[in-house]
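Chemist: Same order as they appear, the protein sequences are chains G and F.
Taken in order, the first sequence gives residues 120 to 700; the numbers are from our numbering.
Taken in order, the second sequence gives residues 120 to 700; the numbers are from our numbering.
Hints were generated in silico from the structure; no laboratory data involved.
You may find that some hints are simply not true.
Claimed, not checked - If we take Cβ atoms under 7 Å as the criterion, some of the chain F residues that face chain G in the derived model are:
#1 T200
#2 A235
#3 Q237
#4 R445
#5 E633
#6 S689
Unchecked claim - Listed next, the in silico DSS-like pairs over lysine-lysine satisfying Cα-Cα at most 30 Å (straight line):
#7 K483(G) / K365(G)
#8 K342(G) / K328(G)
#9 K639(F) / K639(G)
#10 K250(F) / K591(G)
#11 K624(G) / K189(F)
#12 K624(F) / K639(G)
#13 K639(F) / K624(G)
#14 K591(G) / K639(F)
#15 K649(F) / K639(G)
#16 K250(F) / K250(G)
#17 K591(F) / K624(F)
#18 K428(G) / K483(G)
#19 K591(F) / K620(G)
#20 K483(G) / K541(G)
#21 K544(G) / K368(G)
#22 K639(G) / K591(F)
#23 K591(G) / K591(F)
#24 K624(G) / K591(F)
#25 K591(G) / K624(F)
#26 K624(F) / K189(G)
#27 K649(G) / K639(F)
#28 K624(G) / K649(G)
#29 K591(G) / K620(F)
#30 K250(G) / K189(G)
#31 K649(G) / K591(F)
Cβ coordinates follow ideal geometry from the N, Cα and C atoms, glycine included.
2 protein chains.
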Amino acid sequence: MNHQESLTSYIAAFVSELYKSGVEDVVVSPGSRSTPMAMVIHEHPELRVHIHVDERSAAFFALGIAKASKRPVAILCTSGTAAANYFPAIAEANISRVPLIVMTADRPHELRDVGAPQAIDQIHLYGNHVKWFVEMAPPENTKEMIRYARTVCARAASTALRAPAGPVHLNFPFREPLIPQLDRDDLFELNERAHGYVKIQSGDVSLTKAQAEEMAESITAYKRGMIVCGPIETDGFAEAVTQLAKKLKLPILADPLSQLRSGKHDGTFIIDTYDTFLKNEAAMQQLKPDLIIRFGAMPVSKSLTIFLKECEDVRQFVVDGGGGWRDPGMISTEMIYCQETNLCHSILPFIEERTDSCFFDQWKDVNQLTRHHLAKINETDALSEGKLFSQLAETLPKGATLFVGNSMPIRDLDTFFHFNEKGIKIMGNRGANGIDGVVSTALGAATRSQPLYLVLGDLTFFHDLNGLIAAKQYDIPIHIILINNNGGGIFSFLPQANHPKNFEKLFGTPLNLEFEHVVKMYGGEYELIKDWRQFADVLTHDCSGLKVTEITTNRDRNLAEHRELWASVSQEISRLLAGEC
Amino acid sequence: MNHQESLTSYIAAFVSELYKSGVEDVVVSPGSRSTPMAMVIHEHPELRVHIHVDERSAAFFALGIAKASKRPVAILCTSGTAAANYFPAIAEANISRVPLIVMTADRPHELRDVGAPQAIDQIHLYGNHVKWFVEMAPPENTKEMIRYARTVCARAASTALRAPAGPVHLNFPFREPLIPQLDRDDLFELNERAHGYVKIQSGDVSLTKAQAEEMAESITAYKRGMIVCGPIETDGFAEAVTQLAKKLKLPILADPLSQLRSGKHDGTFIIDTYDTFLKNEAAMQQLKPDLIIRFGAMPVSKSLTIFLKECEDVRQFVVDGGGGWRDPGMISTEMIYCQETNLCHSILPFIEERTDSCFFDQWKDVNQLTRHHLAKINETDALSEGKLFSQLAETLPKGATLFVGNSMPIRDLDTFFHFNEKGIKIMGNRGANGIDGVVSTALGAATRSQPLYLVLGDLTFFHDLNGLIAAKQYDIPIHIILINNNGGGIFSFLPQANHPKNFEKLFGTPLNLEFEHVVKMYGGEYELIKDWRQFADVLTHDCSGLKVTEITTNRDRNLAEHRELWASVSQEISRLLAGEC
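Here chain G stands alone, though its shape is the one from the complex (with noise of 0.2 Å):
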């Protein structure tokens, strides 16, 4: 059999099948073993081809298009290394659940662990940080082997995709000469069913009826029941969750990523300063409800998290549409595993409308209060971490997407940002936390959502600086806004800080870098905030390309501001409480 003619007609079987499968962009790192994919790949007229010298940040910036295109994104690149180098995207795309198909080209078999160059053992590279991994066939060009192919790659965006959504990882291994042969007019060109060989269809987990009336009966029982919304994504949710919250007059505690914080949805009910109020001993005890259902991840809030916790005499359903264990703190008494959006809808028909919303009434009246005290935040000339997002929330355009980055940004976020109707999309890396490929994944995401405005601070920013090199390549608009404090922010906030004495070198790690050099590297727009004033203006000009806003922060004042403003909220809500006003 000819090599070439194999080589190429597995290949574009399997390239063709991927985009009817509905991958619609690939991201291909440059290598050498990766050459026959990467040459047909580039050949798919529909495919975009998205090239990424940095596997790191390639991976991430995939994760960002997933995650903006709720479609499954193929990533590509050579054996050895580079492989190693998806390693951290995967593990975040496996727990925050965004479709990936990982591509690595491999050495055929007799190259294997014999000391061939670039070569490292590649099958289950990522263990079990992916749903599915196969070992290719090497390619041939039988009826067989092209139905294969095309099934493999069915079945990898189809899994990629069922929930819980995740990465996928195949493993190609390819001969020498690598070259594939394109001059053919019928690259793409299916000789079966050339609609896609099979369609895969996945139904959604629905509860029977029996089992929506058994727990609409549950819920109806308690009189104080409050939902918590954690990041989610699932379609309809925002709408079926407020129809449920307005129904039985439940507060909706909802997390920045939640999507329930901005949108054309019903905000009644949401509330959005308990991380704040939390804090506070007497709102825990006089809020303290008798139901909690959950839907979503775990939220950022760690006053909420405590609240949970001590909530353990509490009944607590979690309803999970991917059937994972979202459940840190043991207190869950019901795992519901059921599409959330569908949850929703099918306890609705079962339960009555209520008039009661006196516990409610406690929930907003405390929100209310608190979130006029927050705007207190404004009244400061410094340049202020709080404030900034509080500025945020006020100024930035209906639609846009707003990515935020780990440690701080997503916590301030949750303090500053509250309920609007703009329809913002917040956005963040909340599987596994880390602050690595933040760059990326919102750059990724701007290829998807426009204008997009990534808040992240000096550390994370620093962690990706690879990432901007997409920006440059692909003239993606995006506007960082850096906030510089000089180090890890967060640990400020954390018990070691108690610890001075080898704070600043193991915990603060300042790295003194002017970022405006790398910036110009880049090719972007560099703007250093001296004020207030100045902030809102770089605010309303749209960017065309990169962009950095940088604020200076220092973590010290930025610790007591959080402190005071904190102490001085709590005071308030024990007024408040106690009935003094």
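Given the structure of chain G, go ahead and fit chain F onto it with the hints provided.
Modeler: Relative to the frame of chain G, chain F by itself:
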């Protein structure tokens, strides 16, 4: 039992033992879960702690220290994707046999797979890319568990170091609160066996007298033997193998990383231009041996690899003290598991000195002619990648370390860096040959070996720009010679170069970056080379910190220059072998 006391005593016992087991350096990446280990390590009076925010670069930095010091180096990071960032360096360490002790902090058992923040499955995280994995017991302060911590530590260091050396992974579950008790005078005092809990001695593999005699007999039976030395770091090997060559009058084909190209050992039998002359068909025919003894990893030279494969009917001994299978050509007839220096010494007594050097003389003549003609590269005034290595061989100070990037630099070094007595140590990451982590590996090596010169291409430099932070933060002197051909130069030498359609996009991948900006950000000195005089001049200046010397070249011109030179040398060789000169 007191939590803090358990945490402190257990970790301090481990850290004490770490130092007693020969570890001198620990590279720590900041994080929360790793707090107790980081704080205790930092208290140790003897351990050198290097802080590195980017875990990918951190692990490569540790790899560099371990390579230069030949001691195990420990690395520590927090839980989650941080640990996944270590993977590329671990894969490299595993194949290039470099001892690393990888310590990852993890959530305790009850916080795993339950949606807790920053938690990924870290059990066997690196698969079979580490030699040993231990899920550590949670900290306890019983006599038993202190012994456990100490023995696991001693075993880890010894396992990492024992041939084949490599990485080991210890995963530490830590429960909150994470702060150890550091105000103890007896922190590192060991109650039992204060000198170290268990001294682990590892012997080297040697042949029995009978095996050695048999091998000596086999070898001496052949008249046209040759030795091939790939990358190897075994102590005393250069002296031992040159003695063997001298006694038997065997040519030694010495890879740049064999450490035979520069040093005080006898250079008479060193053949250093085979990559060039083995491209000549006549040379391949006339120089065909009847016996090959190969030491070390596979050499970088592709012409040599082809030559070895063409010698399919020749007895080929492969000697490996690490027990691997370094034979991608499937052509070895004898696999000999024996420490390489030992092997030479054990067969020498059974070998009589030969007087006939006829076969070696043929090699020598071709080698000298090739050297002579390759030197013509120096006649060009243009900035040339080839000439650069010739200039380096001439100009570098005695005892310097030359670290080379993968792809073109190692190949040009192979072609243009010929035997000298300067004792220049040549280093590279030739386990998996990745372009990742090269800057950091070189910087790690530079903490032990000075002066250090790093020569690398622009894609390799770009891939690990973050590594430069170590130079800034620790004032590590390093002279980086950046060959900027704006893209992947090596691809011009591969078959895909004949398919111009998407070549630039998929393989050329120009980044169009002005690296001066980023060098400035890291506080480095930058110089763009205009001519060779300036280059010679810049090499004579000492460097006290980061210094980047950039040479811009052109990929097409470089390809043409190499081809012309190889063609003209090949012509001369043909003439020589035809008896015309």
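Chemist: Flag every earlier hint the structure violates by its number, smallest first.
Modeler: 6, 10 and 17
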